[in-house]
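Peer 1: Sequence:
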Amino acid sequence: MGVPITNLTQINNTFYFSDGLSRSIGAHTLKFGVQFHIDQVNEHPNATFNGTFNINGTETGNPYADFLLGTPSNFTQSSGQPFYLRNRYLGLYVQDSWRARSDLTINAGLHWDVIAPWSEKYNQLQTYIPGAQSTLYPGAPNTIAPTSYKNFAPRLGFAYSPKFDHGFWSKVFGASGQSSIRASYGLFYTAFPGLSAGIMYAVPPFGFNYLSPGPPLLATPFITAATGVNNRQRFPFRFPSHSVSPSNPDTSVNWANFTPIAADPFFYYRNRAPYTNNYMLSLQRQITGHTLLTVSYVGNQGHRILTLVSANTGDPALCLSLNGCGPFGEDSTYTNSAGQTVQGTRVGQGPNYGENTADKSAANSNYNALETTLRYQHHGSQFLLSYTYAKSIDQGSSLGEQLNPIDPRQSRTISAWDLKHNFVASYTWALPLATLFHKSNHLTEEWSLSGTTRFATGFPVTLFDNSDNSLLGTLGNGANNYLLDTPQYLPGALKINTNGRNGRPAFNTALFPEENLGELGNAKRRIFYGPGINNFDMALQKNLRFAEARSLEFRLESFSTFNHSQFYGPASVDGQVEDTQNFGKIVSAAAPRLVQLAAKFSF
Numbered sequence: 001m002g003v004p005i006t007n008l009t010q011i012n013n014t015f016y017f018s019d020g021l022s023r024s025i026g027a028h029t030l031k032f033g034v035q036f037h038i039d040q041v042n043e044h045p046n047a048t049f050n051g052t053f054n055i056n057g058t059e060t061g062n063p064y065a066d067f068l069l070g071t072p073s074n075f076t077q078s079s080g081q082p083f084y085l086r087n088r089y090l091g092l093y094v095q096d097s098w099r100a101r102s103d104l105t106i107n108a109g110l111h112w113d114v115i116a117p118w119s120e121k122y123n124q125l126q127t128y129i130p131g132a133q134s135t136l137y138p139g140a141p142n143t144i145a146p147t148s149y150k151n152f153a154p155r156l157g158f159a160y161s162p163k164f165d166h167g168f169w170s171k172v173f174g175a176s177g178q179s180s181i182r183a184s185y186g187l188f189y190t191a192f193p194g195l196s197a198g199i200m201y202a203v204p205p206f207g208f209n210y211l212s213p214g215p216p217l218l219a220t221p222f223i224t225a226a227t228g229v230n231n232r233q234r235f236p237f238r239f240p241s242h243s244v245s246p247s248n249p250d251t252s253v254n255w256a257n258f259t260p261i262a263a264d265p266f267f268y269y270r271n272r273a274p275y276t277n278n279y280m281l282s283l284q285r286q287i288t289g290h291t292l293l294t295v296s297y298v299g300n301q302g303h304r305i306l307t308l309v310s311a312n313t314g315d316p317a318l319c320l321s322l323n324g325c326g327p328f329g330e331d332s333t334y335t336n337s338a339g340q341t342v343q344g345t346r347v348g349q350g351p352n353y354g355e356n357t358a359d360k361s362a363a364n365s366n367y368n369a370l371e372t373t374l375r376y377q378h379h380g381s382q383f384l385l386s387y388t389y390a391k392s393i394d395q396g397s398s399l400g401e402q403l404n405p406i407d408p409r410q411s412r413t414i415s416a417w418d419l420k421h422n423f424v425a426s427y428t429w430a431l432p433l434a435t436l437f438h439k440s441n442h443l444t445e446e447w448s449l450s451g452t453t454r455f456a457t458g459f460p461v462t463l464f465d466n467s468d469n470s471l472l473g474t475l476g477n478g479a480n481n482y483l484l485d486t487p488q489y490l491p492g493a494l495k496i497n498t499n500g501r502n503g504r505p506a507f508n509t510a511l512f513p514e515e516n517l518g519e520l521g522n523a524k525r526r527i528f529y530g531p532g533i534n535n536f537d538m539a540l541q542k543n544l545r546f547a548e549a550r551s552l553e554f555r556l557e558s559f560s561t562f563n564h565s566q567f568y569g570p571a572s573v574d575g576q577v578e579d580t581q582n583f584g585k586i587v588s589a590a591a592p593r594l595v596q597l598a599a600k601f602s603f
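Sequential numbering from 1 applies to the sequence shown in full-length UniProt numbering.
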């Protein structure tokens, strides 16, 4: 709720150079190449919260009820100035394609990537180094993290066409040229996305992100509802000059206006370029002159994936020992049993900081799949059947999902987009009306029926708990969409229900109560799947040709032809445990049947 944060004026410039050389020497084909580009992103504003309320049911368990009561979960407001991101990339590669035999080709290559993190023209980026206190961190590169010159990425693969004239293997692989075996491995480095720096927009003293330390009231967003503490309205700001430097400091900055510094993601100063190991093995077999079967195993492992990690969590044990401390109380002031004043419970960065997250290359992912396709083509008709059995696991499916800073292994679970089974049939059938009616004319020729049929299991249901019962204070602030908290997972039958028509919950919600006070829930973020899909899209097409270069095409198209309700998608099931009204319910469906007519004249 609030003014949209996605409005921005942005100018992108890319200066790109590439060149390649190919040389054949006997059975070898050598390739060399270079790529170099400079990227500039000038933006204003980006992810600026012009007074934004987040209402997720913290007070009553029902977001709408909280709205009527005027008790949002948090309030965010930002102010910043233009942001000028800069980046450079250099890549060199060499490859040898060696035709070792008439039935065997081997490819080997090496890629060298020089990948720099993003910088900002006026050094409006920041990081946090415990124990370090300096002006612009003398000696540190302006990209915050160093540029690595050791990113060497090997690639290796082969293609083999077996030749067996008789015996068992000839039945498996067919005659010469009827089958092929391919395998490959490659290491690929990935450039840092511009968002890794863009989320650091409006950081002190070049801007300010205010995140309420506790749930406020709609009428008074800078006052904590539970305690009445006035957190001060500090907008608008005077921005320092771009000429500020260690030799030209701006001593007029009042840092008290910025504390506690909160909702400011920072780029971790030891980040290294993400990379992926890709591998595959494929068998292709021509069964008949019109039929081709392909069976493949593909996989990849991602490492150093950028994710958000809370750098200033609350101390649950400290909170439980203080009178009046509870959920969302990490930034309040307390008096302990000895009469001493305690400035909040955050221990990572101290009381001058609120909830901040490190943009850190610390997550991993894993994907493996069996892929099969059967293709048939004959007399203008073609049919393609595809089936994939896959499993995707990661420690965060988006930048919005935080990595557990206490035990990162607890964040490892199935990916948000994991599809275990996926069957797709696509076809174009040239209708034999001329043969059927024994007449060949404009009315019976060039009719076709095409379509796509899909049967797939559903996406995983994402479970989350925004109650902050863990007392860690890992607040959602727009960059990270979810708290770290998840519910408890009790023993029992899940009772999965994928039929959204019967009105029953998608799973047994009694197994997932809110987490215990002072503890993280033991449930993984995703452990089971929501409703799947069985969808048919079809089209009837008729072509009329007036001359060699002129034709008229008519199409009758239908999407979701049989109008089955498709309760399908990553957000089709409500997984927010404190949303007592909708938790566990199937809350969305795909669009109903759509029929449309189209005509196209080609000349």
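It cannot be assumed that every hint is accurate.
Calculated cross-link-like contacts (lysine to aspartate or glutamate; reagent style DMTMM-like; alpha-carbon spacing at most 20 Å) [as the list claims (entries may be wrong)]:
id, residue 1, residue 2
1, K121, D39
2, K495, D407
3, K585, E514
4, K121, D250
5, K439, E371
6, K524, D407
7, K542, E446
8, K31, D96
9, K600, D407
10, K495, E548
11, K542, E519
12, K542, E553
13, K31, E43
14, K600, E548
15, K163, D103
16, K121, E43
17, K524, E445
18, K542, E445
19, K171, D103
20, K420, E371
21, K420, D407
22, K600, E371
23, K524, E514
24, K585, D574
If you anchor each label on the Cβ, the simulated ranges turn out as follows [stated by the list, open to error]:
id, residue 1, residue 2, range
25, F188, L517, 36 to 46 Å
26, H564, G109, 39 to 49 Å
27, H421, R234, 33 to 43 Å
28, H166, S102, 16 to 26 Å
None of these hints come from the bench; they were simulated from the model.
Using N, Cα and C, we set each Cβ at its ideal position, and we do this for glycine too.
Peer 1: All hints, please: hold or fail.
Peer 2: Going through the hints against the structure:
{"no.": "1", "hint": "K121 to D39", "in the structure": "holds (12 Å)"}
{"no.": "2", "hint": "K495 to D407", "in the structure": "violated (30 Å)"}
{"no.": "3", "hint": "K585 to E514", "in the structure": "holds (17 Å)"}
{"no.": "4", "hint": "K121 to D250", "in the structure": "holds (18 Å)"}
{"no.": "5", "hint": "K439 to E371", "in the structure": "violated (43 Å)"}
{"no.": "6", "hint": "K524 to D407", "in the structure": "holds (13 Å)"}
{"no.": "7", "hint": "K542 to E446", "in the structure": "holds (6 Å)"}
{"no.": "8", "hint": "K31 to D96", "in the structure": "holds (6 Å)"}
{"no.": "9", "hint": "K600 to D407", "in the structure": "violated (59 Å)"}
{"no.": "10", "hint": "K495 to E548", "in the structure": "violated (62 Å)"}
{"no.": "11", "hint": "K542 to E519", "in the structure": "violated (65 Å)"}
{"no.": "12", "hint": "K542 to E553", "in the structure": "holds (6 Å)"}
{"no.": "13", "hint": "K31 to E43", "in the structure": "violated (39 Å)"}
{"no.": "14", "hint": "K600 to E548", "in the structure": "holds (16 Å)"}
{"no.": "15", "hint": "K163 to D103", "in the structure": "holds (8 Å)"}
{"no.": "16", "hint": "K121 to E43", "in the structure": "holds (12 Å)"}
{"no.": "17", "hint": "K524 to E445", "in the structure": "violated (58 Å)"}
{"no.": "18", "hint": "K542 to E445", "in the structure": "holds (8 Å)"}
{"no.": "19", "hint": "K171 to D103", "in the structure": "holds (18 Å)"}
{"no.": "20", "hint": "K420 to E371", "in the structure": "holds (12 Å)"}
{"no.": "21", "hint": "K420 to D407", "in the structure": "violated (27 Å)"}
{"no.": "22", "hint": "K600 to E371", "in the structure": "violated (36 Å)"}
{"no.": "23", "hint": "K524 to E514", "in the structure": "holds (13 Å)"}
{"no.": "24", "hint": "K585 to D574", "in the structure": "holds (6 Å)"}
{"no.": "25", "hint": "F188 to L517: 36 to 46 Å", "in the structure": "holds (45 Å)"}
{"no.": "26", "hint": "H564 to G109: 39 to 49 Å", "in the structure": "holds (47 Å)"}
{"no.": "27", "hint": "H421 to R234: 33 to 43 Å", "in the structure": "violated (53 Å)"}
{"no.": "28", "hint": "H166 to S102: 16 to 26 Å", "in the structure": "holds (19 Å)"}
The structure is inconsistent with the numbered hints 2, 5, 9, 10, 11, 13, 17, 21, 22, 27, although it conforms to all the rest.
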